[in-house]
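Let chain A serve as the given structure and place chain B on it in line with the hints.
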Amino acid sequence: MLGVAEFEQLPVSQARAGDAAAWDALFRRYQLPLYVYIFELVRDEQASLDIVQETFINAARHIGSLRDDHKFGSWLFGIAHQKCIQRWRKQAREEMLREEFNHAPPEFETRPDELLIREEEEAEFMKLLNQLPPPQRSVLLLHFVEDFSLEEISGITGVSIGTVKSRLHYAKKSLRKLLEDKP
Amino acid sequence: MKTPRELLFEQHRAAEFKLDAIRRDVLRADKGQTSRDSWSLRDFLWSLRWHLAGMSAIWLVIIFLQMGPSHGPGMMATVPPVKRVSPQVVLASLRENRRQIAEMIGSPTPDADKQRTFLPKPRSERQENTMMV
Numbered sequence: 001m002l003g004v005a006e007f008e009q010l011p012v013s014q015a016r017a018g019d020a021a022a023w024d025a026l027f028r029r030y031q032l033p034l035y036v037y038i039f040e041l042v043r044d045e046q047a048s049l050d051i052v053q054e055t056f057i058n059a060a061r062h063i064g065s066l067r068d069d070h071k072f073g074s075w076l077f078g079i080a081h082q083k084c085i086q087r088w089r090k091q092a093r094e095e096m097l098r099e100e101f102n103h104a105p106p107e108f109e110t111r112p113d114e115l116l117i118r119e120e121e122e123a124e125f126m127k128l129l130n131q132l133p134p135p136q137r138s139v140l141l142l143h144f145v146e147d148f149s150l151e152e153i154s155g156i157t158g159v160s161i162g163t164v165k166s167r168l169h170y171a172k173k174s175l176r177k178l179l180e181d182k183p
Numbered sequence: 001m002k003t004p005r006e007l008l009f010e011q012h013r014a015a016e017f018k019l020d021a022i023r024r025d026v027l028r029a030d031k032g033q034t035s036r037d038s039w040s041l042r043d044f045l046w047s048l049r050w051h052l053a054g055m056s057a058i059w060l061v062i063i064f065l066q067m068g069p070s071h072g073p074g075m076m077a078t079v080p081p082v083k084r085v086s087p088q089v090v091l092a093s094l095r096e097n098r099r100q101i102a103e104m105i106g107s108p109t110p111d112a113d114k115q116r117t118f119l120p121k122p123r124s125e126r127q128e129n130t131m132m133v
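Chains A and B, in that order, are what the protein sequence lines are. Position 46, counted from 1, in the first sequence is what the numbering used here calls 46; the numbers after and before it change by one each time, with no gaps. Position 39, counted from 1, in the second sequence is what the numbering used here calls 39; the numbers after and before it change by one each time, with no gaps.
Next comes chain A alone, as it looks inside the complex:
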């Protein structure tokens, strides 16, 4: 599956050369998706803005470590994800990240835009999203926000593809259950 960013022509090579306008375009492109992802994980506006800023600074300083320009989006989200984990560790909530599922998950059955939410369900959707354990929430957000592939989500979160599949499956199952249960 191709991610949203893979259909775009991003000025990553120009940014590597130090072109400020290219960096501006890249940051403008990813600032809102990154913020959404971070905020929905940490649930703190100021902390989310700080992590976005740190992610941009790290990206500008370590662009040399990016091997493939086409993977800029997942690379950037990987930096943000690590920042979120550092924050969780600081808050001594690491145990929540260790949640693993032992069941064999089914395949990735739906695309993010196939799940449609009615206006009256929006608040419930957001509420349920916040109730999901952070590992499930993380993969679900990466899937929804940037339509990253399983491989990309695996690279960003640092877990195996099987674990990503499992988390995504149970997260979607919980969401669907909520939406179906509503009268």
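Because the hints were derived from the structure by calculation, they are not lab data. Don't take every hint at face value.
To be verified - Here are the simulated lysine-lysine pairs, DSS-like style, with alpha carbons at most 27 Å apart:
#1 B:Lys31 <-> A:Lys71
#2 B:Lys18 <-> B:Lys2
#3 B:Lys2 <-> A:Lys127
#4 A:Lys177 <-> B:Lys2
#5 A:Lys177 <-> A:Lys127
Stated by the list, open to error - In silico contact screen, one side only, chain A against chain B (beta carbon under 8 Å); selected entries:
#6 Gly78
#7 Met126
#8 Val145
Just so you know, even glycine gets a beta-carbon here, dropped at the ideal spot from N, CA and C.
This is chain B only, laid out in the frame that chain A set:
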């Protein structure tokens, strides 16, 4: 009906103003960092000081070895010093050479004439030409 992406973006659209400010700050800071990096040549050279010192020492050894066999002090010692000859000696030598050449070709030299003039003669053949000064 909205996709989850549309819904999430809509929920956080209000943060874009703050995100724009963060983006501008990061770009400004990065620009400053880049300009500082360009002035860190001195730091770079300082980090290479031991390498540069080592290379300099190697070059000095090479130059010393190149000079040794051909232009070293040992070779210089074998060259005899140039003798200084006085002008009187040179003139005497030249005069002697001229005389020898003249003897070989048989032509009379002024010295020979003079020598002949002053050969002692018998009293009877001696001319009375005493000059008064």
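Q.
Quick check on the hint: Val145 (chain A) CB to chain B CB, less than 8 Å?
A. holds, 6 Å
**Q.** Hinted pair Lys177 (chain A) and Lys2 (chain B), Cα distance within 27 Å
**A.** The hint holds at about 18 Å.
Q: Given the hint that Lys31 (chain B) pairs with Lys71 (chain A), test it: the Cα-Cα distance must not exceed 27 Å.
A: Given pair Lys31 (chain B), Lys71 (chain A) holds - Cα atoms ~24 Å apart, limit 27 Å.
(Q) What's the verdict on Lys177 (chain A) and Lys127 (chain A), does the C-alpha distance respect the 27 Å limit or exceed it? (A) This hinted pair holds, its Cα atoms lying about 14 Å apart.
(Q) Would the hint linking Lys18 (chain B) and Lys2 (chain B) be met if the CA-CA limit is 27 Å? (A) holds, 25 Å
Q: Report holds or violated for the interface hint on Gly78 (chain A), using the least CB-CB distance to chain B and a cut-off of 8 Å.
A: Not OK, violated: Gly78 (chain A) not within 8 Å of chain B, min 18 Å.
Q: Would you mind confirming whether the straight-line C-alpha gap from Lys2 (chain B) to Lys127 (chain A) stays at or under 27 Å?
A: holds, 16 Å
Q.
Can you verify the interface hint for Met126 (chain A): is its Cβ closer than 8 Å to any Cβ in chain B?
A. Because about 7 Å separates Met126 (chain A) from the closest Cβ in chain B, which is inside the 8 Å limit, the hint holds.
Going down the numbered hints, you'll see the structure goes against just number 6.
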